[in-house]
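Chemist: Chain by chain, the residues:
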Amino acid sequence: MIVSGINSVTTPLAGWGRYPIEPCHLFRPERRRELAAILASGAQRDYISRGLGRSYGDAALNRESGVISHLRLNRFLAFDPETGVLECEAGVSFAEILQYFLPRGFFLPVTPGTRFVTVGGAIAADVHGKNHHRDGTVANFIKDFKLLTPGGEILVCSPASHSEIFWATFGGMGLTGVIVSARLALRRVESAYVFVDYQKTRNFEEAIGIMGESDRQYQYSVAWIDCLATGASLGRAILMRGNHAPAAQLPKRLRDPLAAPSHREWNLPINLPGLALNSLTVGAFNALFYAAHRNTTQQLVDFEKFFFLLDAIHNWNRLYGKRGFVQYQFALPPESGRDGLAAILERLARSRRSSFLGVLKCFGDANPGLLSFPIRGYTLALDLPADRGLKPFLQELDQLALRYGGRVYLAKDATLSAETFAAMYPQLERFRALKRQLDPKGVLASSLARRVKLVES
Amino acid sequence: MPSVLILGATSAIARAIAAEFARHRSELILAARDAEELTALAADLNLRYGVKTQAQCLDVLDPAAVETSLPACLAAAGETLTGVVLCVGTMGDEEAARANQAEAERILNTNFTGCVLALNVVANHFEKRKRGFICALSSVAGDRGRQSNYLYGSAKAGLSAYLQGLRNRLFRSGVRVITIKPGFVDTSMTFGRPGLFLLASPEAIARGVYKAINSGKDVVYLPWFWRWIMLVIRLVPEGIFKRLRL
Ligand SMILES: Cc1cc2nc3c(=O)[nH]c(=O)nc-3n(C[C@H](O)[C@H](O)[C@H](O)COP(=O)(O)OP(=O)(O)OC[C@H]3O[C@@H](n4cnc5c(N)ncnc54)[C@H](O)[C@@H]3O)c2cc1C
Ligand SMILES: NC(=O)c1ccc[n+]([C@@H]2O[C@H](COP(=O)([O-])OP(=O)(O)OC[C@H]3O[C@@H](n4cnc5c(N)ncnc54)[C@H](OP(=O)(O)O)[C@@H]3O)[C@@H](O)[C@H]2O)c1
Numbered sequence: 001m002i003v004s005g006i007n008s009v010t011t012p013l014a015g016w017g018r019y020p021i022e023p024c025h026l027f028r029p030e031r032r033r034e035l036a037a038i039l040a041s042g043a044q045r046d047y048i049s050r051g052l053g054r055s056y057g058d059a060a061l062n063r064e065s066g067v068i069s070h071l072r073l074n075r076f077l078a079f080d081p082e083t084g085v086l087e088c089e090a091g092v093s094f095a096e097i098l099q100y101f102l103p104r105g106f107f108l109p110v111t112p113g114t115r116f117v118t119v120g121g122a123i124a125a126d127v128h129g130k131n132h133h134r135d136g137t138v139a140n141f142i143k144d145f146k147l148l149t150p151g152g153e154i155l156v157c158s159p160a161s162h163s164e165i166f167w168a169t170f171g172g173m174g175l176t177g178v179i180v181s182a183r184l185a186l187r188r189v190e191s192a193y194v195f196v197d198y199q200k201t202r203n204f205e206e207a208i209g210i211m212g213e214s215d216r217q218y219q220y221s222v223a224w225i226d227c228l229a230t231g232a233s234l235g236r237a238i239l240m241r242g243n244h245a246p247a248a249q250l251p252k253r254l255r256d257p258l259a260a261p262s263h264r265e266w267n268l269p270i271n272l273p274g275l276a277l278n279s280l281t282v283g284a285f286n287a288l289f290y291a292a293h294r295n296t297t298q299q300l301v302d303f304e305k306f307f308f309l310l311d312a313i314h315n316w317n318r319l320y321g322k323r324g325f326v327q328y329q330f331a332l333p334p335e336s337g338r339d340g341l342a343a344i345l346e347r348l349a350r351s352r353r354s355s356f357l358g359v360l361k362c363f364g365d366a367n368p369g370l371l372s373f374p375i376r377g378y379t380l381a382l383d384l385p386a387d388r389g390l391k392p393f394l395q396e397l398d399q400l401a402l403r404y405g406g407r408v409y410l411a412k413d414a415t416l417s418a419e420t421f422a423a424m425y426p427q428l429e430r431f432r433a434l435k436r437q438l439d440p441k442g443v444l445a446s447s448l449a450r451r452v453k454l455v456e457s
Numbered sequence: 001m002p003s004v005l006i007l008g009a010t011s012a013i014a015r016a017i018a019a020e021f022a023r024h025r026s027e028l029i030l031a032a033r034d035a036e037e038l039t040a041l042a043a044d045l046n047l048r049y050g051v052k053t054q055a056q057c058l059d060v061l062d063p064a065a066v067e068t069s070l071p072a073c074l075a076a077a078g079e080t081l082t083g084v085v086l087c088v089g090t091m092g093d094e095e096a097a098r099a100n101q102a103e104a105e106r107i108l109n110t111n112f113t114g115c116v117l118a119l120n121v122v123a124n125h126f127e128k129r130k131r132g133f134i135c136a137l138s139s140v141a142g143d144r145g146r147q148s149n150y151l152y153g154s155a156k157a158g159l160s161a162y163l164q165g166l167r168n169r170l171f172r173s174g175v176r177v178i179t180i181k182p183g184f185v186d187t188s189m190t191f192g193r194p195g196l197f198l199l200a201s202p203e204a205i206a207r208g209v210y211k212a213i214n215s216g217k218d219v220v221y222l223p224w225f226w227r228w229i230m231l232v233i234r235l236v237p238e239g240i241f242k243r244l245r246l
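Going down the list, the protein sequences come from chains A and B.
All residue numbers for the first sequence refer to our numbering, where the first residue is 1 and numbers rise by one.
All residue numbers for the second sequence refer to our numbering, where the first residue is 1 and numbers rise by one.
Bound conformation, chain B alone (with noise of 0.2 Å):
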């Protein structure tokens, strides 16, 4: 049976893109930090689906792990693997972050440095078996940004880059990276903050990066819209959108 790593396996997002899986007959290795929460979701796809599951902890903030465990673990996936999807990220306290530099470094790490020193590691391996896919979960929060959040918005803005670059490189050994670039969803990242709309379910989210995954396509929005939301976004000009509340 094939299988898929999720890094940052006990998001909500997550659990739903392992659900797509498991339906779909994959086994499933799902890796993050918190391990009392992956083993009740590896127990819960388990029983639901009658797949396969493991529990991995990994931290993408540990060097040593990223460098050690991860090879270890992609390793032990053997043949079977046929990719990556990966869910790691923060929203972090940006408020806080103005002032407390150990709160910005923890958003940036989290979602850049993190994120791109394991994606290099699992680039590494699937370009030497040259097949496989790597899925990140980027965001539009990334395509421009905005008072708000712009350390994560900027930290997405260079995975997002940073993606770019793997697709190009990665092209010619086979393996296909795909860009997920979602809008709101709704999950703990988002529950009980202001000025959310078109709130989408981590399920719908989940149901559009599998067949992201089984399509072609490289950069995808979640759901669709959000493609032409951002376009009319990135075009209001720099001297009015600074001066915008957003």
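Same shape as in the complex, but just chain A (with noise of 0.2 Å):
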């Protein structure tokens, strides 16, 4: 009998940035045994799994090579009311499980900016969300899951069993295994809404001595940064914090307090002109986002409205153009954190190098994540058309970081260097030799890996 799903499609991947663009082999089980059967197959040199495609660069391709897609293995496959542990196949959606689970009162536990992302994708990145200062990453909120490891075998793996394998796993960006499935706690919440307070400051250093003085306050914490404004105004912000909603003090209006009105969505069909975006466009959009926001309290925003603003807007990241745009996310700790940023945003403003979005937190303690991004201190996002001068400039800001202590998220980065990374990742040898004590043959692959040297080519 023939395994169905064994078959691929030869075609061009690319990550949320569409930088770089590359030929991958690409496999779509419907079975979960069938996960198996391909890194048994020999049918490419090696494989990687992936999920929405959400990590901006090269972390969910291998060119040339096996790539194996999770959207059709994304079965809910028990969940417990009283606990609200739930347990998913690695393909199931953030979006999904706020579908189905948020009208029970359940919220996701962890989020990033966006919900198309799969259960397996935020454990490879260890992703967090802007309640990381509080909660940590989605690890603290993993039970288990199962691990297809190369050699072919399943292992349950949590933070009491397997717990090396569990620790290299977030952040391991799908190399020490395949996660077929998890167990995930969720939050109970009693509405869909968030309570929200606004507050500009006139630069980033009083936005971050807010932030140390009050987040504590505010289960969730951002901060907007104008990456274009100079001197005194360097890295001017609005601060928006908040915590969830109580039931009772929803207007009576909201009769489902677990039900959040439907936005309108758009679609971005096509490539904007590579020009639309520069600096002087972004420059009066950042000056019109400024000046809109008043320093209100106790604002209710829905939570798509609060979590997922871009997301309303499919394929947003064709604003860009045809050429793609990379995001660039470090993390400084709290030591050398307002010097680095300070000089960061500096060259940033510097480089008129429109950046749309440049999103501000305070991290918490870092986690025993043999390569998880977050360590305590700030961390900066920000977008950056690909346009010919910018690895130069990364790279650049890449040894900016480095001096002050910093590292550069995987999960968006599609430039960093082998060198530059073993420099921030204090732990990489002990992850390379678990790396190859768990796959002598070197089964799991990525252009990433491949990139930064977390495997051998």
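Just to be clear, a hint being listed does not mean it is correct.
[Stated by the list, open to error] Partial chain A-side listing against chain B, Cβ under 10 Å, derived:
hint, residue
1, Pro29
2, Arg32
3, Val85
4, Glu213
5, Arg216
6, Phe306
7, Phe308
8, Ala312
9, Glu419
Since the hints were derived computationally from the structure, they do not count as laboratory data.
Note that the Cβ used here is the ideal one computed from N, Cα and C, for glycine as well.
Both chains are given apart, each in its own frame, so use the hints to dock them into the complex.
Modeler: If you want it as structure tokens, here you go:
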């Protein structure tokens, strides 16, 4: 009997930044046992799992080799309404979890700025949300997961069992094994709304000062930064901080507190011409955005608007035209964070490279994840159009981040060099040793893994 | 609550059809061979839509199972069972089947004999009760044989003819028989195969199937334009058709 699902399609693939675009051989199994069959088939040199492709660069790409889509392995397997623990396959998206469990009073314990990520992708990147200062990464809410090892074994990994593999998999970018399913503890909520306080600050220093003082009062905290402002206004910001709204405090007209109003959805059907976003238009946008916000407190905002503003515009990545863009996100430790941020923001403003979104957060403590990105301190995420001068510019930023003791987020990265990466992640050697032991034949690899030498190539 | 039995429930099209019924508040009995997948699908549909679901192992190529488990399963579903949707099928390896008789037999038996024997049991059950629907997924491939998949196609042609006769027989008992002829659908059956076009999503097919079952239609092409594509293809004279590389 031929095993279906072993067929593959040769197709160009890219991450959300649409840079780089590489030809890959895509598999799309529909049965769980096909995962092991693909790894053992010898059909391709090696394989990497792929969720919804929301990592920006080459994490879910494997040039001229195998990529395994998990999108048809997206079954909910069990749910305990007492504890809120949901067991599901790795291909389940955060959007699906919200769709089916928010009406029952459960929310994601941690969510990135888009809900179009899979559980597998969230674990592999060890994603964080606006609540990292309080709740840490998604790893804190994963009870255990089933990992198909490169050797074809199924391991149930938790902090208590196979803990080394457990912690290598958070941030391990799909290289320790194929995540088949996971048990995730959802958060009980009374409503689909958040009470948000907005506060404008003159510059980023004031912003991190206020965040340091009062982030503890908020479950969620983030600051939007104008990366084009200079001088005394360097990094002027709008803080957006909030807590889940208790049902009793909602206005009466909202009959079902757990139902969010439906928003109009937009689609950007074509690539905008490359020049549509330049320092002039973005500068104007940023100035408008800054001016349009007032200092207000206790604003009732529905979860889609608060957590997933950009999800309402499908394919918004086409804003940046055909050449694509990169997102650049780094983290800096508390001691050198202020100086590091100042240096990078100044360099950025001087370059006149437009960045729509500069998102600043204070991180809480790091976890034991060997390659997990968040460390205590600050993190800033920027969108930058991928034009010709970008690569050397990013390398400059990498060096700045490194000088201030910082690191770059692999899930967003497309350009980091192996040397810089090694200098940023002190546990890399442990990860590599474990990888050699788990995967002596090199069954799992990706373009990212070869680029930053997570695997020998 | 009404319930529906789905045969070949582990197919991606079947999963979407099951979801469509669950959204419209039908309980589901899911039958196929792969127990692990059936369990996952049953749990998933239950958690998403809050309807009762049940998994039932059934191999339509096993005459004993068709003779005993299938009637038992129908009887257990009792009065609430409103209908059966059959999605059993296999594309098989048409190349290999030229020389490998066992593969040829498997293609024919899975797509024709197994389906027919199972539907015989279902038909007798509903005929006695004088209501219910029987919906089966045939294929546009049964409308005209072509070199790349004529074993599959001829079995589907046979299935379509069987469904015609069954419809005729059951008309008097008030049991509806619906033949679905999908074009290319984006499932593991087609994934990675060359020469596909106008690929429909399993969800789009499922919506069409649900609508067809709830309308008075007998034979439905999905998506609709395949009716016209196949009309044109059937009109090509055999003298020309035999020369084409299809
Ligand atoms: C608009 C936007 C906002 C974002 N905001 C944030 C944010 O606030 N915080 C944050 O942390 N991240 C953020 N991200 C990044 C995103 O959360 C991560 O890149 C996440 O990994 C994407 O999940 P995915 O399912 O799309 O995975 P993919 O991009 O498809 O894959 C990402 C990695 O996960 C691996 N992987 C996927 N599935 C599996 C599996 N089943 N088994 C093993 N490995 C697997 C892949 O191999 C790859 O290395 C954002 C992304 C976007 C587009
Ligand atoms: N995909 C298309 O483009 C397309 C086009 C036209 C028509 N169709 C038809 O639509 C139906 C579903 O197609 P699909 O694409 O979803 O195909 P699929 O994934 O190959 O599904 C086939 C289904 O048949 C079941 N099956 C096979 N042999 C069986 C047996 N001996 N006993 C019981 N069940 C058996 C399989 O379940 P187990 O393996 O678990 O038993 C599976 O559920 C098929 O009838 C197909 O011919 C498909």
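Chemist: It remains to establish, for every hint, whether it holds in the given structure.
Modeler: Checked hints:
Annotation: interface hint on Pro29 (chain A) holds; nearest CB of chain B at approximately 7 Å, less than 10 Å. Look at Arg32 (chain A): its Cβ gets to within about 7 Å of chain B, closer than 10 Å, so that hint holds up. Given the 10 Å rule on beta carbons, the hint for Val85 (chain A) is violated: about 12 Å separates it from the nearest Cβ of chain B. At its closest, the beta carbon of Glu213 (chain A) sits 43 Å from a beta carbon of chain B; the interface hint therefore is violated under the 10 Å criterion.
The closest approach between the C-beta of Arg216 (chain A) and any C-beta of chain B is roughly 36 Å, which is over the 10 Å cut-off, so the hint fails. For Phe306 (chain A), the interface hint is violated, the least distance from its beta-carbon to any beta-carbon of chain B being 25 Å, above 10 Å. For Phe308 (chain A), the interface hint is violated, since its Cβ never comes within 10 Å of a Cβ in chain B; the closest pair sits about 21 Å apart. With a least beta-carbon distance of about 22 Å to chain B, the hint placing Ala312 (chain A) at the interface is violated under the 10 Å criterion.
A hinted interface residue such as Glu419 (chain A) counts as satisfied when its beta carbon comes closer than 10 Å to some beta carbon of chain B; here the least separation is about 39 Å, so the hint is violated.
In summary, the numbered hints that this structure violates are 3, 4, 5, 6, 7, 8, 9.
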